[in-house]
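Student: Sequence:
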Amino acid sequence: MFDERYGPDVLSPAFPGAQRGRRPTSLPTPAEPGLVVEEVETGWVGAVVRVEKSGGMHVVVLEDRRGRTRTFPLGPGFWVEGKPVVLTAPVLNRAPARPTRTASGSVAVHGARARVARGSRIWVEGKHDAELVEKVWGDDLRVEGVVVEMLDGVDHLAERLAEFAPDAERRVGVLVDHLVPGSKEQRLTDEALRGVPAGTVLVLGHPYVDVWQAVRAERLGLDRWPVIDRGTEWKLGILRSLGWPADTQADVARGWQRILSAVRDFRDLDPALLGRVEELIDFVTAS
1 MFDERYGPDV LSPAFPGAQR GRRPTSLPTP AEPGLVVEEV ETGWVGAVVR VEKSGGMHVV
61 VLEDRRGRTR TFPLGPGFWV EGKPVVLTAP VLNRAPARPT RTASGSVAVH GARARVARGS
121 RIWVEGKHDA ELVEKVWGDD LRVEGVVVEM LDGVDHLAER LAEFAPDAER RVGVLVDHLV
181 PGSKEQRLTD EALRGVPAGT VLVLGHPYVD VWQAVRAERL GLDRWPVIDR GTEWKLGILR
241 SLGWPADTQA DVARGWQRIL SAVRDFRDLD PALLGRVEEL IDFVTAS
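Each residue of the sequence shown is one higher than the last, beginning at 1 in the numbering used here.
There could be a bad hint or two in this list.
Said to hold, decoys possible - The calculated SDA-like cross-link candidates involving lysine to any residue, where the alpha carbons are at most 20 Å apart (straight line), are: (1) Lys235 - Leu260; (2) Lys53 - Leu35; (3) Lys235 - Asp247; (4) Lys184 - Gly153; (5) Lys127 - Phe266; (6) Lys53 - Glu32; (7) Lys184 - Tyr208; (8) Lys184 - Arg194; (9) Lys53 - Phe72; (10) Lys184 - Val209; (11) Lys135 - Arg264; (12) Lys135 - Arg258; (13) Lys184 - Arg230; (14) Lys135 - Arg121; (15) Lys184 - Gly231; (16) Lys127 - Gly138; (17) Lys83 - Phe72; (18) Lys235 - Trp225; (19) Lys83 - Leu35; (20) Lys53 - Pro28; (21) Lys83 - Ala47; (22) Lys127 - Val147.
Hints are computed from structural coordinates only; laboratory data are not their basis. If you're wondering where the values come from, they're calculated on a predicted model, not measured in any experiment.
All chains, full assembly: derive it from the sequences and hints.
Tutor: Shown next, in the form of structure tokens:
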């Protein structure tokens with residue numbers, strides 16, 4: 001008589017010891033930095049430092065607790081937490097990293113809604129000034145709730161200030177082109193500020209004939225901006241010096257867009273403009 005305590009089918013998965021002879025399955029595991037693994041053949045234990053390509057094959061670099069490193073071929077022959085694995089190259093995140101800085105160099109604030117517009121304003125002379133300020137400081141201005149408006153020339157400053165009636169809660173920061181001692185712009189600015197409550201308006205300027213010059217010349221492949229003879233319309237003179245079309249207002253607009261497209265962030269602008277705009281933002285956002 002036979003002992004049937006194991007049952008009739010010794011090949012059944014339920015048969016005691018049936019699993020002992022099977023080799024454990026190696027699981028594919030990405031070699032992420034910091035993952036601690038053991039190389040079976042040598043017994044080397046270390047954390048993954050990196051995966052790289054060497055001699056036409058992928059290898060993994062492991063660092064032990066003493067800071068020593070060894071390199072092994074990527075693939076089978078490793079254990080993680082006592083289980084066999086096949087190390088694979090980590091999956092790279094193809095999504096572009098979100099910028100940590102705005103074009104102005106400020107810390108980027110992701111996911112924040114634009115703040116409700118303040119009563120205070122920043123005024124610039126024209127469309128090109130406004131577009132340049134928007135490109136470099138636009139993110140900052142939306143976070144702060146600051147609106148940039150066009151003056152269409154400093155000639156209108158006195159009239160606009162009279163209409164706006166600035167006060168301590170509704171300040172105005174003004175950016176003026178070619179604001180140098182003795183200039184027409186300086187005279188118009190001085191006249192406009194007469195009678196305005198103290199501390200409610202700040203007018204700052206840069207020394208350039210036009211805001212175009214605030215873009216670093218090397219961004220256009222130049223050593224310096226060309227000098228245009230008096231009597232020649234400055235922007236047309238610049239376009240001709242650059243060898244660009246300069247017959248119509250549309251040519252001027254296209255020329256400016258080429259210049260603006262060369263601006264990536266604050267590093268492509270001259271410091272004389274950077275400081276002025278930052279000071280104006282600080283002025284209109286001061287509590």
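Student: Could you run down the list of hints and mark each one as holding or not?
Tutor: Hint by hint, here is what the structure shows:
{"no.": "1", "hint": "Lys235 - Leu260", "verdict": "holds, 14 Å"}
{"no.": "2", "hint": "Lys53 - Leu35", "verdict": "holds, 19 Å"}
{"no.": "3", "hint": "Lys235 - Asp247", "verdict": "holds, 11 Å"}
{"no.": "4", "hint": "Lys184 - Gly153", "verdict": "holds, 12 Å"}
{"no.": "5", "hint": "Lys127 - Phe266", "verdict": "holds, 19 Å"}
{"no.": "6", "hint": "Lys53 - Glu32", "verdict": "holds, 15 Å"}
{"no.": "7", "hint": "Lys184 - Tyr208", "verdict": "holds, 14 Å"}
{"no.": "8", "hint": "Lys184 - Arg194", "verdict": "holds, 16 Å"}
{"no.": "9", "hint": "Lys53 - Phe72", "verdict": "holds, 11 Å"}
{"no.": "10", "hint": "Lys184 - Val209", "verdict": "holds, 12 Å"}
{"no.": "11", "hint": "Lys135 - Arg264", "verdict": "holds, 8 Å"}
{"no.": "12", "hint": "Lys135 - Arg258", "verdict": "holds, 14 Å"}
{"no.": "13", "hint": "Lys184 - Arg230", "verdict": "holds, 15 Å"}
{"no.": "14", "hint": "Lys135 - Arg121", "verdict": "holds, 17 Å"}
{"no.": "15", "hint": "Lys184 - Gly231", "verdict": "holds, 16 Å"}
{"no.": "16", "hint": "Lys127 - Gly138", "verdict": "holds, 14 Å"}
{"no.": "17", "hint": "Lys83 - Phe72", "verdict": "holds, 18 Å"}
{"no.": "18", "hint": "Lys235 - Trp225", "verdict": "holds, 12 Å"}
{"no.": "19", "hint": "Lys83 - Leu35", "verdict": "holds, 14 Å"}
{"no.": "20", "hint": "Lys53 - Pro28", "verdict": "holds, 19 Å"}
{"no.": "21", "hint": "Lys83 - Ala47", "verdict": "holds, 16 Å"}
{"no.": "22", "hint": "Lys127 - Val147", "verdict": "holds, 14 Å"}
Comparing the model with each numbered hint stated earlier shows that all of them hold.
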